[in-house]
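Engineer: If you're matching them up, the sequences are chains A and B in order. Each number in the numbering used here corresponds to the 1-based position in the first sequence with 25 added. Each number in the numbering used here corresponds to the 1-based position in the second sequence with 120 added.
Hints are computed from structural coordinates only; laboratory data are not their basis.
To give a feel for the contact side, a few chain A residues facing chain B, derived at Cβ under 7 angstroms:
id, residue
1, P129
2, L151
3, P326
DEER-style ranges, computed between Cβ atoms:
id, chain 1, residue 1, chain 2, residue 2, range
4, A, L124, B, P297, 30 to 38 angstroms
5, B, L268, A, D220, 50 to 58 angstroms
6, A, F104, B, L203, 47 to 55 angstroms
7, B, L268, A, Y233, 41 to 49 angstroms
8, B, F202, A, I50, 43 to 51 angstroms
9, B, P297, A, I106, 55 to 63 angstroms
10, A, S158, B, L288, 54 to 62 angstroms
11, B, P297, A, P210, 35 to 43 angstroms
For glycine and all other residues, C-beta sits at the position ideal for the given N, C-alpha and C.
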Amino acid sequence: MTNARPFIVGLLSLCLALGVLPLFISSRYVLDLAITFCVWAGVVSQWNLVMGQAGIFSLVQVAIFSLGGYFTAVMGVHFGIPPLVTIVPAGVFCALFGLLIGLPCLRLRKAYVALLTLAAHYVVYLLIYADNSGLTGGSYGLYGFGDFGFRALLSARYEILGSFYSAIVIFFVLVLVAYLISRSPLGLAFRALRDSEVYASARGISRYHYQLLVFTITSFFIGIAGSFYGTHLKLVDPTGFEFGTVMTMLAMMVIGGQGHRWGPLLGCALVLTTNEVMRSLPEWRPIVVASITIAVLLVWPLGIATALDKMAAYIRRPVGRKVHLQATPVEPSGVLRRSSPSR
Amino acid sequence: MAAIIAQTLYSGLVLSAVYALMAVGLTLIWGALRVLNLSHGAFMMIGAYASWLVVSELELPWYFGLPGSVLVVIVFGAALYFLLLGPLSRRPAFENNTFIATAAVASALEAGALVYFGPRNKAQPFAVDGAIQIMGVSITFQHILIVLVAVAALFALDLFLKRSRYGLAIRATAQQPEAAQLMGIRKDTIFLLVLALSSGLASISGVLLSSIYFISPVFGLYPMLKSFIVCIFGGLGNMRGTLYAAVVIGMTEALVSLMLGVQFALPVMLGIVIGVLIFRPHGLFGKQEIVRL
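Using the sequences and the hints, build the whole thing.
Structural biologist: Okay, structure coming up:
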């Protein structure tokens, strides 16, 4: 197992760098963009844990994200409970929803999981979109369900700073939790299952149970992010369920590198930058993002972060003398022996 | 009441024919290549627009719409193979990456159609007018045309797979890819052939389905989701099961739409499929897949 310190230090310095951003840039637009980055990078990190580490090809995470926002909105509009109180219950609600989806879906394998979770995504979307009972606001969505109280606390001018620093906290927690889970016995179990499923199962590692566990845990954190994002936007509506959103998040994961600890952050930054570059031509945006995704898949099938890792390893390789690794399986000791430098 | 039920069953039958056509295209490509083609719905949309272009812009008679669109979409399918799936099949993480790549293709094609054709719905020109009344059920000639074309396409596919040497090669590849390759079947040829077949089926179903509804850049999405459900229900890669499942799902959709409302069709279908999968994890007719280690 690799040392955890470089990642945590890197993550902390990234958060610090984000934290001093308001000192230099006061533009509300840039801060909004930074909030979007924080929330999405956190969600993609969690999704990456499900897809890249646990090998569950699930597409329902965007629906879970939106449901988190909807829970807070419904509680605020119909029961008058402020978002600050409902943010954690929103996570619990989403965890239960994830468990409900996971129970039948995770019994199956790759393609079936992908199709069923995609269908589940659209079922949630259709039920909300066509809902005319007023509970979810149907196609109009819900708004006016309160905020976190930053406006009262910091005045309207600095309200965004409150959201911004909360977003950084959410970002830090989600990314760190995803990383810690991938280093925990849970992550070890997934690595074992990936390397040899038979041996791992023979040692008592149940794929179903571990996948269900990680599915539920990530649903909790994704729900919290969704609740925060909905409250930040002061609006939840069904456009969040569009296939474009799913595609954007998938693109972030794939471009960055599935299963790589830095992949989601890198991918998220790249895709959001592309979106900004394409701001004047919004109708071409999906085409460009899709083309970049396909190009990355063709050139670096495991993502840019993984490719960078390989490059770094290549640069760091011992230079000056040639080192030959020679496997000697016939020797009783069976160890790898490094041959003496050839002259 | 009897007339309403008869009408519902009849429209369920028409839907089943189109779903069967779509789902067979999807299941064929999964069975032979282990590719889950998420751009199938976008290919349907391209097929429908191609038919519209051929008839409205080139001013050919309406019945040129179908063959024209099949040709266009087969070209798209071949391009998908040469530019994307072929190269991806030689790289790691093939199954996941093709899934994401075809999703990306779908989103690009949809956005492209929106840019090129605009958001306004278009009417499918591959259509005939008129209807007859039988026992209180109004049967339009268009629906008869749909069922005839769908059944003819399915029979042609069945003949091709069962009687021709290439069909044999496809079935052999679906059964045992490595053994098929050892017998001298080129994997690349099969890949291209299956994609062409599947794209052809997508375009036919796109043209037929858009003649019931309208052509719009996103119209392929929900039919594709439903045919995914059909595929899972019948067992991915299983042709016969897919056909039965299409009838069951088409009928269910018609009945649920009548009794509960259209928006509940997909949720009820999903519920049924989940129920089936709990007891039969490989679909109603799917064989237990033996995992080779």
